[in-house]
Amino acid sequence: MADTGLDKSLVPAHRYPGRLARMWDSDFVFNFRKSPIAIVAAVVTLVLILSAIFAPWIAPHEPFNPATWDIMSGNSRPMVPNEFTGKVFLMGTDEQGRDIFSTILYGMRISLFIGFSAVIFAMILGITLGLLAGYVGGWTETIIMRMADIQLTLPSILVAMLIFGVAKTLIPFEYQDRVTMWVLILAIGLSDWVQFARVVRGTTLVEKNKEYVQAARLIGRGPGAIMLYHILPNVLNPVLVIATISLALAIIAEATLSFLGVGMSPTQPSLGTLISQGQQYLLSGDWWILVFPAATLLALALSVNLLGDWLRDALNPRLR
Amino acid sequence: MAETVLSIHDLVVEIPTRRAVLRPVDNVSYDIKAGEILGVVGESGAGKSMAGNAVIGLLNRPAHIKSGQVLLNGTRIDNLPDEKMRKIRGKDIGMVFQDPLTSLNPLLRIGDQLTETMLAHLDITKSEAEDRAVAALEEVGIPAAAERINSYPHEFSGGMRQRVVIALALCAEPSLIIADEPTTALDVSVQAQIIALLKRLCRQRGTAVMLITHDMGVIAEACDRVAVMYAGRLAEIGTVRDVLTEPKHPYTEGLMASTPLASKGQKRLRQIPGSMPRLGALPTGCAFHPRCPKAQDACRMDPAPTLENGAACWFPIDTDQKVSA
Amino acid sequence: MNALISISHLTRIFDVSKPWLNRVIERRPKALLTAVSDISFEVEEKTTYALVGESGSGKSTIGKMVVGLLKPTRGDVTIGGVDLLRETDRAKVETARSDIQMIFQDPYASLNPRWRVRSIINEPVAARGGDTKGLAEKLLEQVGLSSEDASKFPHEFSGGQRQRICIARALASEPKLIVCDEPTSALDVSVQAQVLNLMSDLKDEFGLTYLFISHDLTVVQHMADKIGVLYLGRLVEEATPKDLFDDPKHPYTQMLLAAAPKMDGFGREVDPPQGEIPDPINPPSGCAFHPRCPLAVDRCKQEHPEMRHLRNARVACHLAE
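So the sequence lines, in the order shown, correspond to chains A, B and C.
Per our numbering, the very first residue in the first sequence carries number 46; after that it's consecutive.
Per our numbering, the very first residue in the second sequence carries number -16; after that it's consecutive.
Per our numbering, the very first residue in the third sequence carries number 374; after that it's consecutive.
Among the clues, some could well be false.
Unchecked claim - Computed list of lysine to aspartate or glutamate pairs in EDC-like fashion (alpha-carbon distance at most 16 Å, straight line): (1) C:K506 x C:E521; (2) B:K182 x C:D644; (3) A:K253 x C:D479; (4) A:K79 x A:D358; (5) C:K635 x B:D207; (6) B:K250 x C:D598.
No wet-lab data here; the hints were simulated from the structure.
Model, not experiment: these values are computed from the prediction.
Looking at chain A on its own, in the form it has when it is part of the complex:
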């Protein structure tokens, strides 16, 4: 009954022509249009993701095909003609004459693929366990949430390294290169599910006591259907925010692992591997081999993170 503050029902209801126009006019998009940081972050993220996806078409060289390497063009400076071959490389080349720009594009492809896959894996695991813990309660909840607590006491990098180490000893040597990527996804995903589970459990606890859930129980809907069709759609907002921020963290985690030498191999380098290789050249003055991959990682992680921050504010009903 109290009508203090900004009640949503007080906001005028308008009639709009079409779905697109309605979306353009929605509070969400309006908020986006008014936030320069969000726009810049979105543009940078989009450009980086697109250039990673279309790397085979954009990249001037095939960095992982040894046949195209040109040892003579090794250690070229960026935008300076090579002293032997006279070729010009946008971001220079490394010792073996690989084009840095191309390796970054391909590296980003691997980094983003691992990041996205790890987050999706963590998301599915976290949402499932969170829904179960929140809706079923009792011992199920106790076990799941204690598992989450234990997980939180271990630094996620450590967990990832542990899983990676176990996988390395279990998998025969000749397959290791091929499965490294999947082990990384598993390792990063497993260290990341807790925040999804916690948020989903919290929201589920609130939603399950709402009357629409009781109405569904009343007509004989089982717990599975209620979790999937009724509660899940209502917990997705916070999940989306966490997923975005997790993506940035997953990319960094992958880079860290690769940098530490427990990630992608030099034959299939991710951004982290490139940085790891590049730092060896820093003292010899070939700065570009390190700086360009590092700057790319920074730009990617930062813009995704800023996007996540904005998303959190935009979806927070209390701030709207």
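Using the hints provided, position chains B and C relative to the given structure of chain A.
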């Protein structure tokens, strides 16, 4: 004639949104005299709480007072800086909200909250304040007040908590109390107790009360005069007996007739069609005309007149006719 | 007249203890809250039975047990001749369950905000694999909305309109009984009248039976054919509205009626009722109302009064006459 404590002149509260400027309170004027209880009644979205919040300077941004004046004991208070307003809120205006827990600090003993408020606003010593705190709790009907003074808010029941809030609101001897739905969360039997208490204390002390509620029954029991609000405007104002027995505005009349109390054994209730318009989509002319059984062309075109003869309506109900009918 | 619902000795006890470890450390016994205690009543077909009481009276708990959202600790709920707790034939229980629907108090929480109105209304039928073609549209028109509203989302409606959608959902599975848990207490007066009128109309049209739960005596007086007054989990009086309001027999009923605000009570100086509702975890001995009762004698403190017939009513009081 008792002196006027609160006087509101042409108060307009606006909320700028990106699509339109909303007016939850539009040109509202009323006075409250010492010892008088003015009921402000309306349905959700009528702007009754917003008007109360504007008086005590507690509007949430971006809502703000656009124009008009609020005078407390003859002094303007609508343009005071926050610092001074905070002082006035404790000293000259007491507040009672629907949820007692919003007015009580959960971490402080209620005795400390009472003495602190008194020490801040009254010129008395600490031991005097402590004695007065016990007296204040006894006055609002809390049994074993001398012991309960050391309890925390969560140790009281809902009704008892609301009594504590009333004691707190009255302890600095304010000249005005604003009670926003003080009994809505309480059971019927407790509601009757709280209303009786509020009435008794304000009569004794000559405190003016603005009682904001949606419940016509509470208005009838507690108030001397009543202001009916609809879509941010005053629809009707007058003594409770006049407004409730001989409503002039069709909205008041419909509101009275649609309570089940008025059904008198009929199978169907009188109903007002439709619902309160949203602030961003107010109809032209009189905001009530789409729901009004008596609406004519004038009502659709021209905004309702200011309160002449007590009702903001082009065609107020002729009470003489009604009596004869 | 047949009894559609028959409730006997219904009891529900909640365990409100702290977690096991805290209990051990603080040396506290288990805390049990008897929300509903030994309640028996019958609701005849095509009538409205109202349960009225203040907070803690157990009225909502009874409603949830009738629709099957809560299991009774003791006692039986028989609906249409099927004992829902003991019947072993699952098909029979299913049919009986589909005859029961519920309308909730909060129209904002009772509709899934992510679902379109069409899916919300169709769900009770769709969940059982029934044909839902055109169903939502038809029902929307029956509750006074338009068939185009089916494609909208709940946030596009006002509180009263949402409650109409809830009613449409309740009607979808063609139930015989609708349990209404404070269906209008979140609504404004003018909208409340609309919803109450709609409910009366639908009752006649579909031959519905209502179990109407409310704290509002005026609404109950208007809607009910029979009223049961609850106090602290027990039925204290049962009578028709006329008998109850003209001749209240239990002192608690009398107190409630006196405390309810009256439209013509200008400046009424009443003695407000004394005391508050006791803690349901440690209810008073004997008659739970005796600490507040102006008539109470020693017997009331020791002996719990049984329900007995008194003129046209049933009342649980030693002294009422």
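So, going through the hints one by one against the coordinates:
no.	hint	in the structure
1	C:K506 x C:E521	holds (14 Å)
2	B:K182 x C:D644	holds (12 Å)
3	A:K253 x C:D479	holds (14 Å)
4	A:K79 x A:D358	holds (13 Å)
5	C:K635 x B:D207	holds (15 Å)
6	B:K250 x C:D598	holds (12 Å)
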